[in-house]
Amino acid sequence: MWYFNSPQIVFGEGALNALDDIQGSRALVVTDAVLVRLGIVDKVKSHLDTAGLEVRVFDTVEQDPSVETVYRGAEMARAFQPDWIIGLGGGSPMDAAKAIWVLYERPDLEPAEINPFIQLGLRKKARLITVPTTSGTGAEVTWAIVLSDIEGRKKMSLGNRENVADMAIVDPELAVSMPSRLTADTGLDALTHAVEGYSCSWHNDLTNGLCVQAVQLVFEYLPRVMADGADQEARERMHNAATIAGLGFGNSLASMAHSMGHALGAIFHIPHGSAVGLFLPYTIEFIAPEAPERFAALARASRCSQAEGKEGAFSLATAIRELAAQIGSPTSIAQLGISRQDYQAQLDELVDKAFNDASILTAGRSPSFDELAQLFLYAYDGKVVDF
Amino acid sequence: MAIKFPSDEWIKELSSRLNASEAYEKSAKNWEGDFMFVSEPDALYPETVYLFLGLYHGKSPEAMLVSSLEEKPAGYVIRAPFGTWRKVVEGKIDPIQGMMTRQLKLSGNMMMVMRYPKAAKEIMNCVSTIETDFGD
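Taken in sequence, the protein lines are chains A and B. According to the working numbering, the first sequence holds residues 46 to 432 in order. According to the working numbering, the second sequence holds residues 225 to 360 in order.
For reference, chain A alone in the conformation it holds in the complex:
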């Protein structure tokens, strides 16, 4: 048995108008300072005003939000007593909103205790709306929460099925102001979600089609939106692709590229999408000798190749590297500007962190410690995996 969790999803141009009709008295908007500056928070507030809600804004969520930030947000929630919490932004504000919501409802818990094995009993005080302003994270529809433990220099993968939002508002107009680099990083994040959701050992009939659709959309529309950021159709299709990929991997799981990407991000502070997207082709090539077929199927579905088996899987990895290069994203760690010396010095910690990330559980080929270290080194040099 398994579950498929999803919020009600309002999508397409004008979706933000759905906020006009929500019932309640107080809303806490969890967001970041950039979105305040861009006027997007005011836009959301005006819809909440229309709905007759009193609004407070917690706008100090940083990239890779820390446990401390979440505690501060929960404190504001306890003082304000909202009946809606609105996560507005990219993955960081939405993840922070989920965690703040849990701590508001369950002050007896600490963030590290938010795990999938317990019943949280949420929705006694508030409900959650997620509003993505980037096209990649999928956090608007997933129950996962990633927080940073700054002292321990690690990312904490947390979450519980109850964390899934009640409503996700996927309005492409909110993504229009994304800068080019963010568009590329988040687009690769969506692609990684879709490929790993489809290929991981927890894949299932309810998520397979979603992942395939998302892969097709990313291959078609990410180059278009990178070539012309004002291409409205491409923006909208990428915004949808991210949510579809979120539903796909959120109801199966991510895999090895995420465990390696989380490790790299925690130590070298590389943006999430860039990190996981960079590792994706290497992990495909590593897994392919033992479990190539699902990658080959994705290669066929996205018209990268008609080949089967390992050849098909490698063609998918090649297509992903070509896409990354086309949109100006790094295809090796060296291209990120990390020195070989610094990287080598952290290699043991990278391996250790990747092995302690739950996403590694679902890889089609289970690496040994030596193999994972070697994979990190191949990714540094940009070498096609041959072991």
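It should be emphasised that the hints constitute simulated quantities derived from the structure, not laboratory data. Yeah, the Cβ is synthetic: ideal placement off N, Cα and C, and Gly gets one too. Keep in mind that the hints are not guaranteed to be accurate.
For the chain B half of the interface with chain A, some residues (derived, Cβ under 7 Å), not all of them [claimed, not checked]:
| no. | residue |
| --- | --- |
| 1 | Lys250 |
| 2 | Lys253 |
| 3 | Met323 |
| 4 | Thr325 |
| 5 | Met334 |
| 6 | Met336 |
| 7 | Arg339 |
| 8 | Pro341 |
| 9 | Lys345 |
| 10 | Met348 |
Covered stretches of chain A, going by a simulated chain B footprint (3 or more residues, C-beta under 8 Å) [unchecked claim]:
| no. | segment |
| --- | --- |
| 11 | 46-60 |
| 12 | 157-166 |
| 13 | 401-412 |
Position chain B relative to chain A; hints supplied.
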């Protein structure tokens, strides 16, 4: 020769295989916490069985069938009916998914469990290598 499950012999065999596993030793090098696997009665197996597995810093110092939780207190207790354990041992239920869907009920410090996914996987890898007799 297949080893009967659940039994003292079976849990000792798992302990022995963990002690021989370099991958488990590395992945659980800082782990501290014993497990009790409780097989609850169902239509396939009518008795409650308690299997204690000691785990400490990448090794399994002891393992045994006991008569109750109190006989050998463990930090972590996982309960499931016999039929569910059988599916776990046969690889038909992923134990992490089993715990997430509450088919397997885990009690103990879950924050710690979340930090050792690779060790959990290595335990299951060892389980999968044991030729098991379910009494069919």
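Results for each hint:
| no. | hint | result |
| --- | --- | --- |
| 1 | Lys250 | 5 Å, holds |
| 2 | Lys253 | 9 Å, violated |
| 3 | Met323 | 5 Å, holds |
| 4 | Thr325 | 5 Å, holds |
| 5 | Met334 | 5 Å, holds |
| 6 | Met336 | 10 Å, violated |
| 7 | Arg339 | 6 Å, holds |
| 8 | Pro341 | 5 Å, holds |
| 9 | Lys345 | 6 Å, holds |
| 10 | Met348 | 9 Å, violated |
| 11 | 46-60 | holds (count 3) |
| 12 | 157-166 | holds (count 6) |
| 13 | 401-412 | holds (count 6) |
Consistency note: the structure conflicts with the earlier hints numbered 2, 6, 10.
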